[in-house]
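Combine the two chains into a complex, taking the hints into account.
Residue numbers (numbering that gives the first Met the number 0), protein chains in the order written: chain A, 0 to 477; chain B, 0 to 101.
To be clear, the hints were calculated from the coordinates, so they are not data collected in a lab.
Note that CB positions come from ideal geometry on N, CA and C, so glycine has one too.
Careful: at least some of the hints might be erroneous.
[Said to hold, decoys possible] DSS-like mimics (lysine-lysine), calculated; alpha carbons at most 30 Å apart, straight line:
{"#": "1", "chain 1": "A", "residue 1": "K165", "chain 2": "A", "residue 2": "K440"}
{"#": "2", "chain 1": "A", "residue 1": "K272", "chain 2": "A", "residue 2": "K353"}
{"#": "3", "chain 1": "A", "residue 1": "K343", "chain 2": "A", "residue 2": "K465"}
{"#": "4", "chain 1": "A", "residue 1": "K115", "chain 2": "B", "residue 2": "K60"}
{"#": "5", "chain 1": "A", "residue 1": "K430", "chain 2": "A", "residue 2": "K304"}
{"#": "6", "chain 1": "A", "residue 1": "K135", "chain 2": "A", "residue 2": "K304"}
{"#": "7", "chain 1": "A", "residue 1": "K57", "chain 2": "B", "residue 2": "K60"}
{"#": "8", "chain 1": "A", "residue 1": "K163", "chain 2": "A", "residue 2": "K320"}
{"#": "9", "chain 1": "A", "residue 1": "K304", "chain 2": "A", "residue 2": "K80"}
{"#": "10", "chain 1": "A", "residue 1": "K80", "chain 2": "A", "residue 2": "K165"}
{"#": "11", "chain 1": "B", "residue 1": "K60", "chain 2": "A", "residue 2": "K135"}
{"#": "12", "chain 1": "A", "residue 1": "K304", "chain 2": "B", "residue 2": "K60"}
[Said to hold, decoys possible] Now the in silico label distances, taken between C-beta atoms and shown as ranges:
{"#": "13", "chain 1": "B", "residue 1": "I70", "chain 2": "A", "residue 2": "E389", "range": "51 to 61 Å"}
{"#": "14", "chain 1": "B", "residue 1": "W6", "chain 2": "A", "residue 2": "E53", "range": "17 to 27 Å"}
{"#": "15", "chain 1": "A", "residue 1": "Y378", "chain 2": "B", "residue 2": "I7", "range": "18 to 28 Å"}
{"#": "16", "chain 1": "A", "residue 1": "I69", "chain 2": "B", "residue 2": "L3", "range": "43 to 53 Å"}
{"#": "17", "chain 1": "B", "residue 1": "P32", "chain 2": "A", "residue 2": "L45", "range": "32 to 42 Å"}
{"#": "18", "chain 1": "A", "residue 1": "E52", "chain 2": "B", "residue 2": "I70", "range": "20 to 30 Å"}
{"#": "19", "chain 1": "A", "residue 1": "Q83", "chain 2": "B", "residue 2": "L19", "range": "31 to 41 Å"}
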Amino acid sequence: MELNLLALCYLLGSISFIVGLKMLSNPASARKGNLFAAAGMTIAILGTIFLYEEDGLKLGNYGWIFGGLILGSIVGTLMAKRVQMTSMPEMVSLFNGMGGACAALISIIEFRHLVKGNPNEAISEIGSFSGLDQTKLLIILLGLIIGAVSFAGSMIAWGKLNGKIKDFSFKGQHIANLLLFAITIFLASYIIFARPSETPLFFYLIIFFSVLYGVFFVLPIGGADMPVVISLLNSFTGVAAACGGFLYSNKVMLTGGILVGAAGTLLTILMCKAMNRSLKNVLIGSFGSGASAGQGSAAMVGSYKEISLSDAAVVMGYANKVMIVPGYGLAVAQAQHVCHELEKTLESRGVEVKYAIHPVAGRMPGHMNVLLAEADVSYDKLLEMEVANEEFKTADVVLILGANDVVNPAAKSDPASPIYGMPILEVEEAKHVIVNKRSMKPGYAGIENQLFFQPKTSMLFGDAKKALQDLLTEIRNI
Amino acid sequence: MNQLLSWISVHQEMIYIVVLMIFVGIEVIGRVPSVLHTPLMSGANAIHGVVIIGAIIVMGKAEEGNIIALILGFLAVVLGTLNVVGGFVVTDRMLEMFKKKK
Numbered sequence: 000m001e002l003n004l005l006a007l008c009y010l011l012g013s014i015s016f017i018v019g020l021k022m023l024s025n026p027a028s029a030r031k032g033n034l035f036a037a038a039g040m041t042i043a044i045l046g047t048i049f050l051y052e053e054d055g056l057k058l059g060n061y062g063w064i065f066g067g068l069i070l071g072s073i074v075g076t077l078m079a080k081r082v083q084m085t086s087m088p089e090m091v092s093l094f095n096g097m098g099g100a101c102a103a104l105i106s107i108i109e110f111r112h113l114v115k116g117n118p119n120e121a122i123s124e125i126g127s128f129s130g131l132d133q134t135k136l137l138i139i140l141l142g143l144i145i146g147a148v149s150f151a152g153s154m155i156a157w158g159k160l161n162g163k164i165k166d167f168s169f170k171g172q173h174i175a176n177l178l179l180f181a182i183t184i185f186l187a188s189y190i191i192f193a194r195p196s197e198t199p200l201f202f203y204l205i206i207f208f209s210v211l212y213g214v215f216f217v218l219p220i221g222g223a224d225m226p227v228v229i230s231l232l233n234s235f236t237g238v239a240a241a242c243g244g245f246l247y248s249n250k251v252m253l254t255g256g257i258l259v260g261a262a263g264t265l266l267t268i269l270m271c272k273a274m275n276r277s278l279k280n281v282l283i284g285s286f287g288s289g290a291s292a293g294q295g296s297a298a299m300v301g302s303y304k305e306i307s308l309s310d311a312a313v314v315m316g317y318a319n320k321v322m323i324v325p326g327y328g329l330a331v332a333q334a335q336h337v338c339h340e341l342e343k344t345l346e347s348r349g350v351e352v353k354y355a356i357h358p359v360a361g362r363m364p365g366h367m368n369v370l371l372a373e374a375d376v377s378y379d380k381l382l383e384m385e386v387a388n389e390e391f392k393t394a395d396v397v398l399i400l401g402a403n404d405v406v407n408p409a410a411k412s413d414p415a416s417p418i419y420g421m422p423i424l425e426v427e428e429a430k431h432v433i434v435n436k437r438s439m440k441p442g443y444a445g446i447e448n449q450l451f452f453q454p455k456t457s458m459l460f461g462d463a464k465k466a467l468q469d470l471l472t473e474i475r476n477i
Numbered sequence: 000m001n002q003l004l005s006w007i008s009v010h011q012e013m014i015y016i017v018v019l020m021i022f023v024g025i026e027v028i029g030r031v032p033s034v035l036h037t038p039l040m041s042g043a044n045a046i047h048g049v050v051i052i053g054a055i056i057v058m059g060k061a062e063e064g065n066i067i068a069l070i071l072g073f074l075a076v077v078l079g080t081l082n083v084v085g086g087f088v089v090t091d092r093m094l095e096m097f098k099k100k101k
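Isolated chain B (complex conformation) (with noise of 0.2 Å):
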């Protein structure tokens, strides 16, 4: 018991970010027209993206010598750059179509 909430005052900050983001989450797309439920959808892909700053850091991280470290950290900073640069351009596509409107 004194463990855990231990453990909840140690990351209190990350806790009520969790938190309050879930709250947002919800809050900012719950009016989206039906119409934008895909490109929200894409978009919401290419934002959890975000995941290239992790295999960036552990990239940056790896040590020269240590080869298996090395080529995952590359995979996966090529994989999350696919995830964001492939996640923003086909929303921005999608969006494009919208624009010609009116």
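Isolated chain A (complex conformation) (with noise of 0.2 Å):
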């Protein structure tokens, strides 16, 4: 009876997932479809809990267990509701190695589990594993190893976004990783079909490997694409979850895991789409080349010319039409509100204003829009990137707010530039371009952008919230 009500608790678990998914697809049922999915996941955790039974055993510990969930809850709500919305992108990536890392774990306990059931210790010699289950052995490995590098590897990408760790490569990197790889599959692989009498040293060695394939992996990645390498990971954890449920004939966990693991991919496809690269490209293409075409361009510079606060709100104030890029410094700046004050403040002087949203402005596709909607910008007047690119050749203004790597034609102009291929804002097709940033520092790919060196290009330098403030002011003595 019980056995059949857990049953029923995870069928309710995976449909929640997949109608879950399938409502945050849509703007207006996802915030239903996320509260729907945690219901699904609650219900699966308490049937855990309180209904699972193996060998007629029912699960001990509960001390542990709910300390557990209780401290977990606790930190992780205060974390997920103090976080600002700029960092957002770091939050998911690192709950998303957490998860990674509780996979890996359970790898590891069931390892050490199925070693100690292991028949052969008690009739043969002692330190022969050859009577170890070879099915759950490559699934515990396979858990284990996604689960490692899916963690180390969200670690590292969490570190960069909040600048503690730098882009660090170094030559024949490339090969490093590829031989971190190999040697991990190798041990895997060894392990399952010989199962020597050094199973648990090698066992150990891969979690070792693992781990560091997982920071050499994302190391070398740019910053520009690190949504992709988060939207990756993301599937990896799914995958690791799903190994979990593999392993104890879980279905709620496989369901889960494989659901995750798909969307995920297609996820990380339909953002490199956005970008014009392939996977391939962005995860191996970083390697070398980005930093000697670099140097390159960057040598090209030439003179720009500044803008000051008054004729800033007279350009606009006069338009007929301004179109705003927004960026990160946007959000770094948390300028959303003054950006919407701005708006309604050219619109009230018969101004229209548009915003172009590149799909991977910011730090995460969709950051933008996020950031938007939280100060209220209603949605029509946001603009996809193709519908943007018909709409600038008719904008008298651009302004760029914190936006650098979206907006740099080097994109389009220079084969050697590590972005090359990348769909771009045109807003060079604008009749005017203003430029707020903070310095002259290139921006997240640390390339130059000759945009800023163009005669319709004026700077406006300072930080955007500041800037914005006293632009408002500004236009509306005018």
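Structural data, given as structure tokens:
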């Protein structure tokens, strides 16, 4: 009876994940979808705690289980509530890493369990592992490797996004990575097929190499590609969770894990498409070529001109159409509300205001949409890249707020540039371009932007929030 | 060969789920507007937190005296919970802002 009830719980959980994900892909039902999936998850978790039994034995250690659940819930809620909207991508990466670590830990414990229950040890000589179940070993190792890579990679991605870890690559890193990967796979296959007497030692070596691989895998990948990496690691963790499902013949883990694995992979590909690059190019293309080619185009500097606040205010206040290109600078400065104020003020003067959203502006796809939605900017003002590129021709002023790489013309004109081939917002089509930046420092991809030196471009230096506030005051005065 | 066939036969139920879920996963998010990419990624991130169930099972099975299993299991439960709870709360916060619209 209880086991049947548990099966029902898992069925409900699985359905809630599918329906929840479906609802999440529609703006009207997204929030409900998230709560729906959360409810399903709660049912599955509670069911496991109270109804699960193995060989007729119920689970024990309730103190530990509830202790962990409560501790995790409190810390998780606090972190998620406190985090600023700008740091959202880091947060997702961090939580993803936790899931990966969890999957790896399960594998470690199950491996110890498997070795302990090794039937050979009692019968024949000690230290022989030939009696280990190969299927279980395979799944445990898969869960371990994927989980550990996902954990280590996510931690690096997290560190890179919040600026604690700098880009790092050395000559031949590409080869070193492949080698690390090959060693890990070789060790794993060796354990599974030969089950040598050093099995435990090799097992722990695999943990070490997987973590190392995860670190080296993400370290050299440039900032602009970080969303793709996080999405990929997200789907990795899904597969690692599914390995757990295989191990315990647990359908809800399997469903949830594979679902996320598949959806995450698709999402990764969609993001790559938005940047007009292949996944392979993102993952290994950044090696070597990026550094040397980046230097080459950096040499091309010229003079730029600054614009005063009052001039900028006049240009914008008397324009027919202003298009705003938000970027990460807007996010760090928390300037979305002021930006919305500016939009309203301009509109009250009869100026048409639109936002041009590059799919990978900010640190994650949709990052800008989330930010502007927070400030109550209405949906129909947000133009996607293709539409925006059509409209730039009719715009009098383009105001770029802390965006850089997504408006860099080198992506179209300079084949040596690391971002060559990425579709960009073609802001030069407009009559006048005003760029708000804190300084002339290059953007996240670390390359110079020729746009800033063009005659129709003028720079408005300063923190986005402060600059917008001042601009707002000036516009109200004219 | 025979071994492989019998392996597939023994695990066929699981293999079916894997194959079907791959298609469901792709189908379900196939038409997502780019506005929702970030929340969707975050929501999917919370869903793979289902790995917590494995952590609970491991924890619940650990013998009293096995300190290492207890500690590792406890750590796994905490990390899994962080993934689930943090993931859902962050997603909700993102989507809350969308809801104010209209």
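Evaluated hints:
1. With a CA separation close to 16 Å, the supplied pair K165 of chain A and K440 of chain A stays within the 30 Å bound.
2. A C-alpha spacing of about 24 Å is found between K272 of chain A and K353 of chain A, which places the hinted pair at or below 30 Å, so the restraint holds.
3. Annotation: proposed proximity of K343 of chain A to K465 of chain A holds, straight-line Cα distance about 17 Å (limit 30 Å).
4. The straight-line distance between the Cα atoms of K115 of chain A and K60 of chain B is roughly 14 Å, inside the 30 Å bound, and the hint therefore holds.
5. Simply put, K430 of chain A and K304 of chain A have alpha-carbon atoms about 16 Å apart, close enough for the 30 Å limit, and the pair holds.
6. In summary, the hint linking K135 of chain A to K304 of chain A is not supported, as the alpha carbons are separated by about 66 Å, beyond the 30 Å threshold.
7. In summary, the hint linking K57 of chain A to K60 of chain B is supported, as the alpha carbons are separated by about 8 Å, within the 30 Å threshold.
8. For a cut-off of 30 Å, the pair hint linking K163 of chain A to K320 of chain A is broken: about 40 Å separates their Cα positions.
9. A hinted pair counts as satisfied when its Cα atoms are at most 30 Å apart, and K304 of chain A with K80 of chain A does not qualify at roughly 42 Å.
10. The hinted pair formed by K80 of chain A and K165 of chain A meets the criterion: a straight-line CA distance of about 27 Å does not exceed 30 Å.
11. At most 30 Å may separate the alpha-carbon atoms for a hinted pair to count; K60 of chain B and K135 of chain A meet this at roughly 17 Å.
12. Our distance criterion of 30 Å between C-alpha atoms is broken by K304 of chain A and K60 of chain B, whose separation comes to about 69 Å.
13. Our hint of 51 to 61 Å for I70 of chain B and E389 of chain A holds, since their Cβ atoms are close to 59 Å apart.
14. With their beta carbons about 22 Å apart, W6 of chain B and E53 of chain A fall inside the hinted range of 17 to 27 Å.
15. Between Y378 of chain A and I7 of chain B the beta carbon distance is about 49 Å. The supplied range of 18 to 28 Å is therefore violated.
16. In this structure, I69 of chain A and L3 of chain B meet the distance hint of 43 to 53 Å, their C-beta atoms being roughly 45 Å apart.
17. As the Cβ distance of P32 of chain B to L45 of chain A is approximately 34 Å, the hint placing it in 32 to 42 Å holds.
18. Range check, E52 of chain A to I70 of chain B: about 24 Å between beta-carbon atoms, so the 20 to 30 Å window is met.
19. At about 40 Å, the beta-carbon gap between Q83 of chain A and L19 of chain B stays in the expected band of 31 to 41 Å.
Hint compliance for this structure: hints 6, 8, 9, 12, 15 are not met, and every other hint is.
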